[in-house]
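J.: Residues per chain are reported as follows:
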Amino acid sequence: MRNGLYGGASILAAYLVFSLFRPLSGPLDLVVDVFAVAVLLFGTLRGEIPGAVFGAVCGLVVDAFSLGVFGLAGLSLTAGGFLAGYVSRKINIQVFFRTLLFFLVLSAGTFAAWAGLVALVGRSPLPWSGGLVLLRPAVTAIAATLIHDGIRRIKARHDR
Amino acid sequence: MPRFLKEHRKGLVLTGLMFAQLLILSFQIPLGQEASVFERTAFTLLSPVQNGVRAILRGIGGVWNRYVHLRGVEDKNREYLDDILRLRQENAVLREGLGKLENREEAAAFLRQLEKAFILADVVGVDAVSPHKSIVINRGSRHGLRNQMPVVDAQGRLVGRIIAPIGPAEATVQLITDHLSSVGVRGVEHPISGVLNGEPSSGDCRMAYVPASDESLVEGERLVTNGLDRVFPPDLPVGTIVSIRTDGSLFKNIVVRPAFNFREPAVVAVLTGSAGDGG
Numbered sequence: 000m001r002n003g004l005y006g007g008a009s010i011l012a013a014y015l016v017f018s019l020f021r022p023l024s025g026p027l028d029l030v031v032d033v034f035a036v037a038v039l040l041f042g043t044l045r046g047e048i049p050g051a052v053f054g055a056v057c058g059l060v061v062d063a064f065s066l067g068v069f070g071l072a073g074l075s076l077t078a079g080g081f082l083a084g085y086v087s088r089k090i091n092i093q094v095f096f097r098t099l100l101f102f103l104v105l106s107a108g109t110f111a112a113w114a115g116l117v118a119l120v121g122r123s124p125l126p127w128s129g130g131l132v133l134l135r136p137a138v139t140a141i142a143a144t145l146i147h148d149g150i151r152r153i154k155a156r157h158d159r
Numbered sequence: 000m001p002r003f004l005k006e007h008r009k010g011l012v013l014t015g016l017m018f019a020q021l022l023i024l025s026f027q028i029p030l031g032q033e034a035s036v037f038e039r040t041a042f043t044l045l046s047p048v049q050n051g052v053r054a055i056l057r058g059i060g061g062v063w064n065r066y067v068h069l070r071g072v073e074d075k076n077r078e079y080l081d082d083i084l085r086l087r088q089e090n091a092v093l094r095e096g097l098g099k100l101e102n103r104e105e106a107a108a109f110l111r112q113l114e115k116a117f118i119l120a121d122v123v124g125v126d127a128v129s130p131h132k133s134i135v136i137n138r139g140s141r142h143g144l145r146n147q148m149p150v151v152d153a154q155g156r157l158v159g160r161i162i163a164p165i166g167p168a169e170a171t172v173q174l175i176t177d178h179l180s181s182v183g184v185r186g187v188e189h190p191i192s193g194v195l196n197g198e199p200s201s202g203d204c205r206m207a208y209v210p211a212s213d214e215s216l217v218e219g220e221r222l223v224t225n226g227l228d229r230v231f232p233p234d235l236p237v238g239t240i241v242s243i244r245t246d247g248s249l250f251k252n253i254v255v256r257p258a259f260n261f262r263e264p265a266v267v268a269v270l271t272g273s274a275g276d277g278g
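First to last, the protein sequences are chains C and S.
Residue numbers are given in numbering that gives the first Met the number 0: position 126 of the first sequence equals residue 125, and the series is strictly consecutive.
Residue numbers are given in numbering that gives the first Met the number 0: position 273 of the second sequence equals residue 272, and the series is strictly consecutive.
Among the hints, erroneous ones may be present.
[Claimed, not checked] Below, a list of computed lysine-lysine pairs in the DSSO-like style, where the Cα atoms sit at most 30 Å apart:
| hint | chain 1 | residue 1 | chain 2 | residue 2 |
| --- | --- | --- | --- | --- |
| 1 | C | 154 | C | 89 |
| 2 | C | 154 | S | 9 |
| 3 | C | 89 | S | 5 |
| 4 | C | 89 | S | 75 |
[Stated by the list, open to error] Now the stretches of chain C that chain S is said to cover, found in silico as 3 or more residues with beta-carbon under 8 Å:
| hint | segment |
| --- | --- |
| 5 | 11-19 |
| 6 | 42-51 |
| 7 | 58-71 |
| 8 | 143-156 |
Keep in mind that the hints were calculated from the coordinates and are not lab data.
The beta carbon of each residue, even a glycine, is placed where N, CA and C say it ideally should be.
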């Protein structure tokens, strides 16, 4: 129940940021993937099953607002959300640079899976824009790490 | 709960979710280009949020522009007054000419039709995956929008066409730079026709099916719609040829830069009068 409420609120927040950011960002809109940031963070904070469910729903929302095959983003984000929850319970990600590396590996994996599916199933070219899209995993990882670090600090202050 | 389910709960949930998404993917094969029920529902439920966010942003911008940043308003007013005067004159001349050509009732009916020929809409969102594929506008089926209606920018340059999903108050516009978009075009100076396909990876387009033997089209030539596709009316500005190459195939490799600016179209017009009637 609690996960459902958190999930609903997080999707709405991610969607609001996406709506706010998207038409304003210029060429940056290819680099920033708000939903990937939300899915990786949600998986890390809430666990693998809520992460996978959240990833699935987010993916379907992304696909509803994009032309092409419906369900492609869902597959990669579901796996991303699950792995974020699973791996974060196995390793210590309380150190900033380790968190950054953790999110970088996960976002690169999610991006590679999505790009592979788009090329194979969607049969559509990737939006390269002079290679700008390749920065997406790094930007996603930095954004997720900063937010994760912020939440960790707030929690620590609250616990004190 | 059986032991097996308890032990493998996480793996089973992941497998179930993946399987459900693969099912959604497979459902699309018989649907083709049509939007699925889930896609339509998600679009209808969430697009008003996007519309609302844009409205709030526009409101904040409006307060700044209308009440704080008033530099240049007087010049702009003068410019608009000149434009109104010129357009009124043009309108009067055209009405007079129309009255001479047709009888009064037919002319009045034609003018009434013209008034309903387009619907203005604001761009409220951009494609979630690639900005060169689609945009979302704040007009939908409630305003009379249907599949295939052409969309132009404020200068009358072709932007794309309405495509599913269409919500009651929002609709999706497939841009001419989407790889599945096809537009019948011809040169302005040299009336050679071809088909314009999009290239979302670069934001440019390619003009296909121009024979390699043709020497008339040149770099810098402007292209307009030819109306042969029976979706877009003829003579809408589409773009400019930026490069022409022959690589040994039967057809030329022509790169076209779209006339409309991706960052510019805050307001677009949907040509409602030309849907399905071939322009």
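J.: Each hint: holds or not?
T.: Hint by hint, here is what the structure shows:
At most 30 Å may separate the alpha-carbon atoms for a hinted pair to count; residue 154/C and residue 89/C meet this at roughly 21 Å. In summary, the hint linking residue 154/C to residue 9/S is supported, as the alpha carbons are separated by about 27 Å, within the 30 Å threshold. Under the criterion of a C-alpha separation no larger than 30 Å, the hint pairing residue 89/C with residue 5/S is consistent with the structure, at around 20 Å. Simply put, residue 89/C and residue 75/S have alpha-carbon atoms about 63 Å apart, too far for the 30 Å limit, and the pair is violated.
Under a criterion of three residues with beta carbons nearer than 8 Å to beta carbons of chain S, the stated coverage of the segment 11-19 of chain C is upheld, 6 such residues being counted. Coverage of the segment 42-51 of chain C by chain S holds [criterion: at least 3 residues with CB-CB distance below 8 Å; count 3]. Given as covered by chain S, the segment 58-71 of chain C passes the check, having 14 residues with a CB less than 8 Å from a CB of that chain where 3 are the minimum. Interface restraint, the segment 143-156 of chain C with chain S: violated (0 residues with C-beta to C-beta distance below 8 Å; minimum three).
Of the numbered hints given earlier, the model fails hints 4, 8; all others are met.
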